[in-house]
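Trainee: Using the sequences and the accompanying hints, generate a full structural model.
Protein chains in written order, with the working numbering: chain G, 1 to 246; chain R, 1 to 246; chain D, 1 to 246; chain A, 1 to 246; chain L, 1 to 246; chain B, 1 to 246.
I should point out that these hints are in silico values taken from the structure, not numbers from a laboratory. One thing to keep in mind: the hints can contain errors.
Claimed, not checked - Residues of chain R clear of chain D, computed beta-carbon distances all greater than 12 Å:
hint, residue
1, R24
2, I32
3, P37
4, D49
5, G56
6, H135
7, L158
8, G217
9, G219
10, D225
11, T235
What the hints assert, rightly or not - Label-pair restraints from in silico Cβ distances:
hint, chain 1, residue 1, chain 2, residue 2, range
12, A, R31, D, D193, 26 to 32 Å
13, G, A194, B, F228, 41 to 47 Å
14, D, D170, L, R90, 45 to 51 Å
15, L, H135, B, E153, 54 to 60 Å
16, L, H135, D, D193, 36 to 42 Å
17, G, R24, D, D170, 46 to 52 Å
Backbone N, C-alpha and C define an ideal beta-carbon position, used for all residues, glycine too.
There are 6 protein chains.
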Amino acid sequence: MHIRVINPNTTSAMTETIGEAARRIAAPGTRITASQPSGGPVSIESHFDETISAVGVTEEIRAGENDATDAYVIACFGDPGLLAARELTRAPVIGIAEAAFHMATLISTRFSIVTTLGRTTIIAEHLLEQYGFRHHCRRVRAADIPVLDLEEEGEAALGRIIDECRRARDEDNIGSIVLGCGGMAELTDTISDAVGLPVVEGVTSAVKLAEALVGLGLGTSKYGDLAFPRPKAFTGRFEHLSRETP
Amino acid sequence: MHIRVINPNTTSAMTETIGEAARRIAAPGTRITASQPSGGPVSIESHFDETISAVGVTEEIRAGENDATDAYVIACFGDPGLLAARELTRAPVIGIAEAAFHMATLISTRFSIVTTLGRTTIIAEHLLEQYGFRHHCRRVRAADIPVLDLEEEGEAALGRIIDECRRARDEDNIGSIVLGCGGMAELTDTISDAVGLPVVEGVTSAVKLAEALVGLGLGTSKYGDLAFPRPKAFTGRFEHLSRETP
Amino acid sequence: MHIRVINPNTTSAMTETIGEAARRIAAPGTRITASQPSGGPVSIESHFDETISAVGVTEEIRAGENDATDAYVIACFGDPGLLAARELTRAPVIGIAEAAFHMATLISTRFSIVTTLGRTTIIAEHLLEQYGFRHHCRRVRAADIPVLDLEEEGEAALGRIIDECRRARDEDNIGSIVLGCGGMAELTDTISDAVGLPVVEGVTSAVKLAEALVGLGLGTSKYGDLAFPRPKAFTGRFEHLSRETP
Amino acid sequence: MHIRVINPNTTSAMTETIGEAARRIAAPGTRITASQPSGGPVSIESHFDETISAVGVTEEIRAGENDATDAYVIACFGDPGLLAARELTRAPVIGIAEAAFHMATLISTRFSIVTTLGRTTIIAEHLLEQYGFRHHCRRVRAADIPVLDLEEEGEAALGRIIDECRRARDEDNIGSIVLGCGGMAELTDTISDAVGLPVVEGVTSAVKLAEALVGLGLGTSKYGDLAFPRPKAFTGRFEHLSRETP
Amino acid sequence: MHIRVINPNTTSAMTETIGEAARRIAAPGTRITASQPSGGPVSIESHFDETISAVGVTEEIRAGENDATDAYVIACFGDPGLLAARELTRAPVIGIAEAAFHMATLISTRFSIVTTLGRTTIIAEHLLEQYGFRHHCRRVRAADIPVLDLEEEGEAALGRIIDECRRARDEDNIGSIVLGCGGMAELTDTISDAVGLPVVEGVTSAVKLAEALVGLGLGTSKYGDLAFPRPKAFTGRFEHLSRETP
Amino acid sequence: MHIRVINPNTTSAMTETIGEAARRIAAPGTRITASQPSGGPVSIESHFDETISAVGVTEEIRAGENDATDAYVIACFGDPGLLAARELTRAPVIGIAEAAFHMATLISTRFSIVTTLGRTTIIAEHLLEQYGFRHHCRRVRAADIPVLDLEEEGEAALGRIIDECRRARDEDNIGSIVLGCGGMAELTDTISDAVGLPVVEGVTSAVKLAEALVGLGLGTSKYGDLAFPRPKAFTGRFEHLSRETP
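Mentor: Next up, the structure:
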């Protein structure tokens, strides 16, 4: 099985981190390709960053369609471009936020999210609403760490995340914690050990969900609103996206 | 990996059907044990049947705990005894209704459920509400087939299910269909071929979700409300359930 | 009128407490039978305890059907086996949690719940969601008292409940408090006097709702999903539950 | 016990109908006073009619406070002036819409409403939302009968209501029907017999709920937002409503 | 364009304050008439005050209909009589609570409300639910100031409002604040400057929404439940409201 | 006042249509600039089209920031890039879907949407959920018309829209209809006349809301999650989006 894990930002160090986390968790028969867009933001910390990164995500999907891909993972906690990506392929496409939410609800009745910056908590809230998990999430917390600091100042950042997770454990009446950033993928075990309750991480969760769907023979429905987009002309620098009538 | 698939009713033919469906979908390294309670209803078609069957489900969990079980599946669409079962083990426990709902939302934006009897649609509705999928499910439909007829009059029952699925496809503005009975496990491909959109079945979905959680090293949270029940005396014919102080 | 008040646990002291509370509140013409299952947990403090106790509840309903019962009360705050119980009789069946919620919304716009153990707050939350009262309840609070301590260490337990109720009064912006355990039935007036706002208790509320429904000539609907369960065989030690075709 | 049943409109024939329905259902020790405002609309079929009638309702509460009243019923399905009425008394105040909703959810999992005019269905919808019963009500139906026609052309009106109730029974997947107008109080048994499932009527339901609350010693909370209004001057023709500082 | 701004209470000083705020914000071509009922409460701080004031609101609408009015504003944060008022005219009618909510959601993803008295927070909560903004409002806060103190002890009251607004800014994770009282209209800029985030006020918001709707040629729909009330007799002191058949 | 109306697609005929509709409705002092991205889809009929168009929307915002723009309108019914656009400016940014929803709720209690293609109804549903209007919208209907057919085969397309609007009027129990495509802007009056109830169109609604916000001195909150994005590098063909530290 070939799973393409798409890091929507363009920081190759993070792409590697995400790829390694994916490979560590992947089943024996699963091959992981970790990729990133050729252009876009080096980190995603706003609605604007998300909007730009979504274009790169769709490009990576199209690239994957020429590379015998069985499933895709979008490895940014805002699930940028998720529904657009699904329109472009028959393969399953999993966002790491939704993946973590699904897994968390299977092992606990309530969870809290610990993410990076306060300004991105609204993105998680909107996803919780759209996916149906608003009442399963007690609180969306931010450790106030810029995403790239997860790479650069590892110890300090890790400490602040652990502190916030402990506050969630002690104050939120929860059974598990969801990590709200793809860049936290390699920290999961450390955090879980330090906090003492299950910590759910999205990249790893999404890889296993992707394997599960492929194993079930289930792909993105091409019946209804996720069918391939209609043939259409694109103009200007997006002209290459024009779709011929089949 | 050892997954125990619990058929909450006591019809061994259905236990076999469910076990075979589970084995067909299981990963190479996964061993499936299909079991059923020593006593209980031969099918589950009411709140009362569910209530009695839940006792058997908890017994099968306890049996599994003495049999090196890595994960459990509760193979009745009402997910009977799910939260009680989770309290009894560190392993993941997956209900087939929740499993199908989760998978359906990963491949489509909206789905409908096709179940057996009209009187059980309320059970599905309550689960949709508790799990957060109310707005993802367009409609809960019943083919008006007693559960055991799925075994006995295969062709006729299959035909009515397919007819109802086609109505769902044509009327409900959906992308996928969820089959609302564990007894339909072996019919999934046939129905999907006949209806022409993805059909999500719970037993197979739950097995793959169980494999995914075990692969992630995630088990039922023992922190908070799913912790092991407190030590306590049980009386009368439930005396054997008394829990000593550890 | 004959009302059967079912204590789902098997602690006879609590059955007596509940029975006395019911008798004190019952109308002149109302006869109260307080009963408990022949076997089961001595207290209900987990999903597992609830699951086992639900079997006893259904047995008590069947016993009541042979004892000219006009209405039933399920006297545990989780309303265990409520819908199953309703399927077994034409009489009204009232859970004490739902009863307290209904009454609280008739005398105040918002209420808080004060229950025993933190781990059972999720049970109240699920009931609030299913019954529709999520937004009427400001907060579910726990006094961290094991249920049986209500019997054993009365004063100390009472003090902690009153403290928690006062916190609810001062912090939650509410008009009334719902007591979240059948074992608190005899404490209602004391707590209300100490806290200074209306305190709604479930056993007494359920008895009056049962009288009201009987007075209205309304019983559990036998049309639709609460109709008597279909004829069916039960096996093993539940064989006695087998239902003949009428 | 003295219950004041307030007909918010000024049609004395309807006040009598409502009073008789209340007396028929009242417990032996309950005395019913049926009253109506000295001025206002002869029937309530719009938001405007409701707004005006609410003034009369509050006058009847004040009249009741000088007449040793133990509980109040507001006998119009829109529950006009309910929260204002509650502010004016320590006694319980029950609206017939909320009363019918509460009772219907105790005997069935889902119900439909059959009311008079299509334009008033929005009033019922808003109440369902505020009270928390939106998901318990499958559908709000109108028989397209002006309220006073219930008095004037009894047979014809009755026939149309029964027809609409039968459609609800056959199409809505429900267990009970709620009658959406106080003027239907005397028709309840006839309709229930004709339709064959439980029919819940508000006036009778409210009387029994009022008796239940009084029996419980529960009155409208004077703690929080339903406390007596603050002292205040009223001007012009509402000057008589000025409240002195106690 | 002629907009009638209705102050539902009878304190002329507040009517002037509101009128001035409306005139300051009105477009060049807009004429503002600020009016108040001939009788009613001098301030609105309870459900009862609201109920009485709603009658005056409808009178002012009828007065406006004889005065070539293009749009109406109901200048009390509880939007008293809003739907009744809409039934009486083809012109748009805007409540200041809804107006502020709409505007706040256009400039921020989440807001908090700062109102006068704690007992009126429930009124705002009910409106948030009915209008659909429950999840957009983080918190409803009260500065514990009687409405008329806004006029009488300006500085002190202003200080307490600003303090509460700062708490909202620092604790609620919001982007804007909604002022919860028409009497705060003239304080908006001062508060906004002191707090440092956008402050949305209802009277000014409603005037601009009214201008917008008139500019669009949109008025209250006379199709469906906001159509003019049916012809009907009113009795007693409301006899003058009787509606002839057109 | 200078309002920039952004047509997210690249069909200049539609940009002109939208610009004319905006100019017809604009206040005397309002100058309308109608613009479109330099590249992108010629119409927006899928999640993918939306994702690409959002990039163009953000470019048009940045262009507007160099052109003394007081407010922005995003003239596609999916409100593509709305939150990203808000991050880029202190000016108000209004989407035409949200604008139409807000206006429709001010003149009716319930509305239905009539849009172009069935596959885009999910986009409207997601917006209704996020904005809070789910329960105000009875139904999202599609006339099954590709967007560009609105330009090309005017009469035929118009007829089908009117037919669908009439079905909404007759079946949905509504007070108004929302047109679900910016390309319908010039058809509003014709449709409203043909259907006989208020028809709310987004472009015109958004222009008036933009004028209202500017008139109020309210702009997008720069406090919290809509603040300007943090300084950051962008790579590849998005390098020009890199943000220096101020």
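Trainee: Each hint: holds or not?
Mentor: Going down the list of hints, with the structure as the test:
At the 12 Å boundary, the C-beta of R/R24 stays outside the reach of chain D, the nearest C-beta of that chain being 27 Å off. No beta-carbon of chain D comes within 12 Å of the beta-carbon of R/I32; the shortest separation is about 23 Å. Not every Cβ of chain D is farther than 12 Å from the Cβ of R/P37; the closest lies at roughly 7 Å, contradicting the non-interface assignment. With a closest Cβ-Cβ approach of about 6 Å to chain D, R/D49 is found to fall inside the 12 Å limit, against its non-interface label.
Taking the minimum C-beta to C-beta distance to chain D, about 8 Å, the non-interface status of R/G56 is violated against the 12 Å cut. With a closest Cβ-Cβ approach of about 14 Å to chain D, R/H135 is found to remain outside the 12 Å limit, as its non-interface label requires. For R/L158, the shortest C-beta to C-beta distance to chain D comes to about 21 Å, beyond the 12 Å cut-off, and the non-interface label holds. Its beta-carbon lying about 24 Å from the closest one in chain D, R/G217 satisfies the requirement of being farther than 12 Å from that chain.
Against the 12 Å criterion, R/G219 stays outside the reach of chain D, whose nearest CB is about 17 Å from its own CB. At roughly 4 Å, the least C-beta separation between R/D225 and chain D is not larger than 12 Å, which violates its mark as non-interface. Non-interface status of R/T235 relative to chain D is broken: a Cβ of that chain comes within 12 Å, the nearest being about 4 Å off. Restraint check, A/R31 to D/D193: a C-beta distance of roughly 29 Å satisfies the suggested window 26 to 32 Å.
Checked against the hint of 41 to 47 Å, the C-beta distance between G/A194 and B/F228 comes to roughly 35 Å, which is inconsistent with it. Take D/D170 and L/R90: their Cβ atoms lie about 50 Å apart, and the range 45 to 51 Å holds. With their beta carbons about 41 Å apart, L/H135 and B/E153 fall outside the hinted range of 54 to 60 Å. Restraint check, L/H135 to D/D193: a C-beta distance of roughly 38 Å satisfies the suggested window 36 to 42 Å.
About 50 Å separates the C-beta atoms of G/R24 and D/D170, a value consistent with the hinted range of 46 to 52 Å.
Violated hints, listed in ascending order, are 3, 4, 5, 10, 11, 13 and 15; each of the other numbered hints is respected by the structure.
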